[in-house]
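These protein sequence lines map, in sequence, to chains A and B.
Under my numbering, the first residue of the first sequence is numbered 71, with each subsequent residue one higher.
Under my numbering, the first residue of the second sequence is numbered 71, with each subsequent residue one higher.
In case anyone wonders, no lab produced these hints; they're calculated from the structure.
Nothing here was measured: the structure is a model prediction, and the numbers come from that model.
Every residue gets a Cβ at the ideal spot worked out from N, C-alpha and C, and that includes glycine.
One or more of the hints may lead you astray.
Said to hold, decoys possible - Here's a subset of chain B near chain A, in silico, CB distances under 10 Å, partners left out:
| # | residue |
| --- | --- |
| 1 | Leu187 |
| 2 | Phe194 |
| 3 | Gly195 |
| 4 | Gln225 |
| 5 | Gly251 |
| 6 | Lys252 |
| 7 | Gln255 |
| 8 | Val257 |
| 9 | Lys285 |
| 10 | Ile288 |
| 11 | Ile296 |
| 12 | Asp297 |
| 13 | Ser298 |
| 14 | Ser305 |
| 15 | Tyr310 |
There are 2 protein chains.
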Amino acid sequence: MVSKNELKLLRSLRQKKYRREHQLFIVEGKKSVAEVLKSDFQVKNVYATASWISKNESVFSFPLTEISVADAERVSALQTSPEIFALVEMKENKAIELSSKCLLLEDIKDAGNLGTLIRTADWFGIQSIVCSEQTVELYNPKTIQATMGSFTRVQLFYTDLNEFIKQLPEDYVVYGTFLEGKAIQNVDFASKSAVLIGNESNGISSSLSVCVDEKIYIPTKATHKIDSLNVAVASAIVCYELTKK
Amino acid sequence: MVSKNELKLLRSLRQKKYRREHQLFIVEGKKSVAEVLKSDFQVKNVYATASWISKNESVFSFPLTEISVADAERVSALQTSPEIFALVEMKENKAIELSSKCLLLEDIKDAGNLGTLIRTADWFGIQSIVCSEQTVELYNPKTIQATMGSFTRVQLFYTDLNEFIKQLPEDYVVYGTFLEGKAIQNVDFASKSAVLIGNESNGISSSLSVCVDEKIYIPTKATHKIDSLNVAVASAIVCYELTKK
C-alpha cells in the first residue's frame, strides 16, 4: 500500500513547482503507462487500483503498487481519475538533435494544445520541437495526457527562440505561420525546414517574425471574416504539408 | 442587478437537462458574445461585471445587465470565469440544408473536440455538420467556447446517421476516415462529398462503415506504430483536403 508521505509526494506533483523540485511527474492511464514503460524514461513506480490489478494482472511486467480508488482520485489532476498511473523521472534536454523537419513553438499556453501538437508531430514523423521558455510545461498532466504517449518519442527542448534561430545551421529555412504570406499548399518546403508557430492569442511576436525566411498561411474558404484556427489544428495542417513528399 | 431567481436559472444552465428544459444556453467571453449578437440567434440578455462595463461601455449596442464578479463565477462552467456572457435561446434544427461538402460525426464525445471541429469547418467554408444522436451536445459550454463563435455560422443537425445516410441524395459520395484505405492526398473528392468521422476511441462503427463509398486515411510518417490522431486534428486535415480545389 501507499504510505502517507508517498501519497503527499504524489499529490504535490499536480503543481509545477513540486514537479521541478522533485524532478518527477505523473503519467495517467493504461495506454500512456504502457508507452512510458517501453520508452527510455525512468519509471520509479506504477500504481493501480485493486480492481484494475484483478482485471489486468499480467499486462505489465513492471511490479504494481496497489492504491485505493480514493487515493488515486487525490493524485489525479484530470477530470476522470485513472485506475493506473506511473511515477516517472523527468528528462531535461540540455541540447537538441534537430530533425530535418522541426517545429518552433512561441509561447503556446494551453496544455491540451501542446499535448495534441506533440501527438500530431509524432504521427507525421517530426521528431523535434523547440519551445520558447514561456511555452506551457511538457510535464503538465494535461499535456502528458493529450500526447497519448507521444511525449516518449518526440524530443522537446525549451530555450530562448530568438537565440536559437540565430544559431540554426544555415541550411535550415525558417517558415512562420501568419494570416498572410504564401498559401501553404503552394509552399515547396526545403529539405531542412523549421516552422514557427505563434501563441494562441497573439500569433508570432514582432521580434520573432523578423527571423522568418518565408511567411506561410492556411487559406480560409469562409465567405465571412474569421480570426483564426485553433493552434493545434493549424499546426496539424503544417505537419501534414511539411512531411507530405 | 441580477435577482436570486435569475441567478438560479443562469447557474442551472451548466447542466444539459436544464438547458433542454428552458431551451436556453450561455455564451461566455467578449468575442463569442459579439458573434452571437451579430447572428440570428435570439439573445435574451447580456451580463457583464462593473469593471468590464466601465472599460467597454460602448462596444455593444445591446443593453448590459450588471453582475457581480462572484455571481459571474457561479454561472461560468469554464475554468476562467468570464467578465461578460450572454443568455441565448437554443435553435433546434428540424431539418438541414446540406452544403455540397459536409461532415458526418459519429458519437464524438469530447466537447472541446466538437467545438474545435466546428471552428475548423467554418474556416474551410463547410457549412453543415450532421451528428449522430450520441454526439456531445452543441450547447455544452465547452463546445460553445471552443467554437470561438463559429457555432453561429455552421449548421448542426442531430439525427440517426444510418437513416440519414440512406436518404442522402444520390449525387453525394460518402467517404469515411479509417486507418486504411486511399491516402487522403490522392483522393479526388466528388463535388458533393460527405465525410464520416468516427468516435475518439472506437472510430467508425461497423454498422456505419458499410454505408461508406470510399475509405480514406491520413498516412503516418512515423517509423513506429501509433494508434491514431486526435479526432479534431484528423478532421482538420479532412476539411483542408476536401475544400482545397
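Quiz item: Does B:Ser305 pass the interface hint, meaning its C-beta sits closer than 10 Å to a C-beta of chain A?
Solution: This hint holds: B:Ser305 lies near chain A, its Cβ roughly 9 Å from the closest one there, short of 10 Å.
Exercise. Report holds or violated for the interface hint on B:Ser298, using the least CB-CB distance to chain A and a cut-off of 10 Å.
Key: holds (8 Å)
Quiz item: Does the CB of B:Gln255 sit less than 10 Å away from some CB of chain A?
Solution: holds (6 Å)
Quiz item: Does the interface hint hold: is B:Gly195 within less than 10 Å of chain A, judged Cβ to Cβ?
Solution: holds (3 Å)
Quiz item: Hint check: is the beta carbon of B:Lys285 less than 10 Å from a beta carbon of chain A?
Solution: Nearest chain A Cβ about 18 Å off; hint violated.
Quiz item: How about B:Tyr310: closest beta carbon in chain A under 10 Å, or not?
Solution: holds (5 Å)
Quiz prompt | Closest C-beta approach of B:Phe194 to chain A relative to 10 Å, hint status | solution = B:Phe194 check passes; min Cβ-Cβ to chain A is 5 Å, inside 10 Å.
Quiz item: Per the CB criterion, is B:Lys252 less than 10 Å away from chain A?
Solution: Because about 15 Å separates B:Lys252 from the closest Cβ in chain A, which is outside the 10 Å limit, the hint is violated.
Quiz item: With a cut-off of 10 Å, does the beta carbon of B:Ile288 approach a beta carbon of chain A closely enough for the hint to hold?
Solution: holds (7 Å)
Quiz item: Does B:Asp297 meet its interface restraint, that is, does its C-beta lie within less than 10 Å of any C-beta in chain A?
Solution: holds (7 Å)
Quiz item: Does B:Leu187 meet its interface restraint, that is, does its C-beta lie within less than 10 Å of any C-beta in chain A?
Solution: For B:Leu187, the interface hint holds, since the closest Cβ of chain A sits about 9 Å away, which is under 10 Å.
Exercise. Mind checking the CB of B:Ile296 against every CB in chain A and telling me if the closest is under 10 Å?
Key: holds (6 Å)
The structure is inconsistent with the numbered hints 4, 5, 6, 8, 9, although it conforms to all the rest.
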